[in-house]
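Asks: Each chain, letter by letter, is given below.
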Amino acid sequence: MNSLNFINPFGVSEDPGSYVGDFYTDNFAKGAGEGTLILNLGPQHPSTHGVLRVIVELEGEYVVRAEPVLGYLHRMHEKMAEVKTPWQYIPNMGRVDYLHPIAWNWAQVGACERLAGIEVPERAEYLRVVSCELNRISSHLMWWGAFVMDLGGVTPILYAFEEREKINDILQIVTGSRLTMSYFRFGGVSADVDDRFVRLTKEFVPYLRERLKMYKALVTDNVILRRRLEGVGPMDADLCRRHGATGPILRAAGLKRDTRTDAPYGVYHKFQYNVPTGPSDDCLGRYMLRLAEIEASLDIVEQAMGSLPPGPVRIDKAPKAGWKLPAGETYFAVEGARGQVGVHLVSDGGKNHYRVKLRAPGFSNLSLFAEAARGVLLADAIAILGSLDLVIPEVDR
Amino acid sequence: MTSIDHLEQIFRQVGARLVSKPDFKTRGICCSGLVPAKAIVDLAKLLAAEDHTLLDVSVLEAKEGFLITYHFDSFSEPGRLAARVLAPRENPVVPSLHSVFQGAEWHERESHDFYGVRFDGNPNLVPLLLPEDFSGPPPLRKAPGDLAGLADLGVFDGSEILDPSCASLVPARPAPPAAVSEARDA
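Residue numbers (numbering that gives the first Met the number 0), protein chains in the order written: chain C, 0 to 396; chain B, 0 to 185.
Just so you know, these hints were derived from the structure itself, not from any lab. Wrong hints could be hidden among the right ones.
Claimed, not checked - Taking lysine-lysine and the BS3-like style, the derived pairs with C-alpha atoms no more than 25 Å apart in a straight line are:
id: 1; chain 1: C; residue 1: 78; chain 2: C; residue 2: 323
id: 2; chain 1: C; residue 1: 316; chain 2: B; residue 2: 44
id: 3; chain 1: C; residue 1: 255; chain 2: C; residue 2: 269
id: 4; chain 1: C; residue 1: 323; chain 2: B; residue 2: 44
id: 5; chain 1: C; residue 1: 78; chain 2: B; residue 2: 44
id: 6; chain 1: C; residue 1: 269; chain 2: C; residue 2: 319
id: 7; chain 1: C; residue 1: 323; chain 2: B; residue 2: 62
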């Protein structure tokens, strides 16, 4: 119509009064009250951990309404499953959740094994537990560093990275990678551990226990951190139930629900470990709970490494590349660092999956944010987001 | 009465057409039922009153239509159950569970994105994971030639038939236990 459209290909008028926003802002603005401000956070915003976008309606500094906008990292993993064989689909799982890839690896391999009725050798089961728990520790540490950084404390994340590098050094020995790990194969794991793996793991457990004491003294007991988190963002069991929240959020609300003990898989039943609950359902409670879970995971790793049985790490006639799943339907879930990771698998007996539905715990956990953030300060809303431990590629899949 | 029998009773109470109690160790669900679309909200209310949570909503496209599976789990006594609704391939509409489980909103929006299933009563059925200007058929829909029948997929394996019109969904004979030696590549 005029030269302005040429300069601005989005057709946005230069008159700020006439411009409201894009589709999602407009959709959100429909319910806005008088005299409130609509603010867009993300998708490129440091506190949103990647590409989460949140639209908030503010009255002064208080959040009246909030709505996460997803999809900026959607990669159609479920569609890919329908054009890939189970073997080809294994590496996808490491890309769904980059902080706890081994849990997703387990969920997918476990679902296929369950459908085909494959049993795994005992040594492989132990190694699965060790690798999954080490990975859980590194995920929780990464969350810890990033969360404290969200709150304004920049230093802890550097410490968190140091510990995570140590775990990556260990897991790299067997998985060959430091980020998108895939260690599990149908009928076992890809490689047996060597002496270096055993030595590094046995050294790491007492090392991290000592470091956790330091983190408690320096960060957890810090009065600024506590004032920032105490009583912020309470999420009770009923809120969790209505939104399907699982994992640390639910356990912080006081419910002892953990897939490792509720629907036992692997050899978790052979170890004595604590499933921590509480101490409170606010941000501080979720913080304390995840630190307690690191200690519980260390206990599991220590016991598993101490009683590692000899034997093969894969069944003799493990499925090969052209393997076809038998027709049928199954659901397999494992406990990831963020909650219950589920794979709903349907096969028609063909070469590719007929349908794979991935249940991402972060998806359900994030859906309660709109309700939890109502009426809080914007700065507290950021703390609540951080306390959910979001991994956006997992939410968007 | 065990809790699984109790869940089966709840399914019967809302007029389930098919109901089964699969082996949790092989299927990952302890109770499964196909209910009429109009009964799904009542079922959700009964489950919500007994401390259940909605884990996910999974859509399966088959020859008979869209099978929408709601996975629930109990907070007080863990055991996953699958409540299913069959929606026709032409104009699939089912009631929304948003009024009972607010977390259903996103699961339903995702299913609407990928399969074009409409959820009546969802307060905000706008694209969730797809861009708002996405055009073209819902991306997870299959070509008609690629569709399998629900009986062949074994979803309702071993179900008790309460509504004879649904008998064709149940595999004629129980599927043989999956033997590793047969399933393996030659």
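Asks: May I ask which of the numbered hints given earlier this structure violates, with the numbers listed in increasing order?
Replies: 2, 4, 5 and 6
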